[in-house]
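Residue numbers (our numbering), protein chains in the order written: chain A, 1 to 230; chain B, 1 to 230.
No wet-lab data here; the hints were simulated from the structure. Since we're looking at a predicted model, the values are computed, not measured. Where hints are given, some of them may not hold.
[To be verified] Beta-carbon label-pair distances, calculated as ranges:
#	chain 1	residue 1	chain 2	residue 2	range
1	A	Pro89	B	Ser137	55 to 65 Å
2	B	Trp154	A	Phe123	48 to 58 Å
3	A	Asn227	B	Pro133	47 to 57 Å
4	A	Arg159	B	Leu29	41 to 51 Å
5	B	Arg146	A	Thr74	33 to 43 Å
6	B	Ser137	A	Asp127	34 to 44 Å
For glycine and all other residues, C-beta sits at the position ideal for the given N, C-alpha and C.
There are 2 protein chains.
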Amino acid sequence: MPRLIHAPFCPHSRFIRLVMGEMGMEADLAEERAWERRPEFLSLNPAGTTPILIEESTLVVPTADVISEYLDETRGLALGERRLLPDPPAERIEVRRLTNWFNHKFFDEVSGPLTLEKINKRFMRNDEGGGPPDTVSIRAARNNVRYHLQYIGWLTARRNWLAGPNMSYADLAAAAHLSCVDYLGDAAWDESEGARAWYAKMKSRPSFRPLLADRVAGMAPSATYDNLDF
Amino acid sequence: MPRLIHAPFCPHSRFIRLVMGEMGMEADLAEERAWERRPEFLSLNPAGTTPILIEESTLVVPTADVISEYLDETRGLALGERRLLPDPPAERIEVRRLTNWFNHKFFDEVSGPLTLEKINKRFMRNDEGGGPPDTVSIRAARNNVRYHLQYIGWLTARRNWLAGPNMSYADLAAAAHLSCVDYLGDAAWDESEGARAWYAKMKSRPSFRPLLADRVAGMAPSATYDNLDF
Chain A
1 MPRLIHAPFC PHSRFIRLVM GEMGMEADLA EERAWERRPE FLSLNPAGTT PILIEESTLV
61 VPTADVISEY LDETRGLALG ERRLLPDPPA ERIEVRRLTN WFNHKFFDEV SGPLTLEKIN
121 KRFMRNDEGG GPPDTVSIRA ARNNVRYHLQ YIGWLTARRN WLAGPNMSYA DLAAAAHLSC
181 VDYLGDAAWD ESEGARAWYA KMKSRPSFRP LLADRVAGMA PSATYDNLDF
Chain B
1 MPRLIHAPFC PHSRFIRLVM GEMGMEADLA EERAWERRPE FLSLNPAGTT PILIEESTLV
61 VPTADVISEY LDETRGLALG ERRLLPDPPA ERIEVRRLTN WFNHKFFDEV SGPLTLEKIN
121 KRFMRNDEGG GPPDTVSIRA ARNNVRYHLQ YIGWLTARRN WLAGPNMSYA DLAAAAHLSC
181 VDYLGDAAWD ESEGARAWYA KMKSRPSFRP LLADRVAGMA PSATYDNLDF
């Protein structure tokens, strides 16, 4: 069975867990606190980030961007109509553009700062970057999430799914990042009814169930987090 | 002819210019100052970043990550042995891991802050984020470049090129980002003889020539910038 080195509230790890779930792949999950910078972990991915996929005990695939391309190349064709990175060039461009948007832009502006300040810092020692949360950074992220939700609403008003007629990596990346924000109560669902309806559809998928069971020690989720009729 | 919307000192634009040069593709270059956020530009890439490739007047391919995958899918096979994203799965993983390293990690830690603070801010109005350069940010980036050069040196001591036996996207991404840093005189070549020798090899390629002819208005390049025997 493939092994996935992950963190339960790392948005990029959640993206790959959703992708593997949609592909019907099981994984042996191993939790890693990236900020501890364990030498064995850094030897697998010198960039020091989760997730890392390990196949056949020896093939190491680090970072969400690289794993998603690898999984499409090794499993994509067998999925047929349910392929998450569709075959036509123009559709691939749009799926990759939006996947990149959520894995990089949304992470930098919203899910990265919120998970760092509100979750990871609770477990980091001072010399690992721990300490009190930076309220300026949190406020900026909570402000930024609104225009991203508007953008999701704008996309879903024009298409069945974020990147086109079928569910794709773009939906899974967006939902993975938003799920962390939603746990923290910072997903401003009042901003866009379209975004809310799209997320309700994502959340009800079987691949989402394991994520909704995750908890941060000592921190309850928001009222909407595991409520499928929020 | 394909059109490339770029900025001469945007490291991601330089990466795609090098890729197109190595693939023997000509492009009609159109310069864009991303920070002006022109509506016509944002309609091509809502993320507001360069580069953007436009093919056949209608197919719009935004961001370096998406363009490099698209170019491999549409031109890669025809390159045979000179393909920049090689065919074997393990080699693709390593090329993508390192390309991602330079386009994201190195950009965040080194080339992004240096080009913003030292180049782009000279041309930005205050309401576009202009103003005096942030010396703390510059100092951090100049410190960070050293461990990246050590890493390049470590890789080249074990392989012909950064990701393996052949030149790949990884070399072109690394050289593109470093070329901006070198223009500014912030590439600490004394840190690694291996990194210096590898960069001299990259710089002497015909694909590099147009980049070495670029100048920032009112700012001379460092002594090493266009010297092939630095």
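So, going through the hints one by one against the coordinates:
no.: 1; hint: A:Pro89 to B:Ser137: 55 to 65 Å; result: violated, 39 Å
no.: 2; hint: B:Trp154 to A:Phe123: 48 to 58 Å; result: violated, 31 Å
no.: 3; hint: A:Asn227 to B:Pro133: 47 to 57 Å; result: holds, 48 Å
no.: 4; hint: A:Arg159 to B:Leu29: 41 to 51 Å; result: violated, 32 Å
no.: 5; hint: B:Arg146 to A:Thr74: 33 to 43 Å; result: holds, 37 Å
no.: 6; hint: B:Ser137 to A:Asp127: 34 to 44 Å; result: violated, 23 Å
The structure does not agree with the numbered hints 1, 2, 4, 6 stated previously, though it agrees with the rest.
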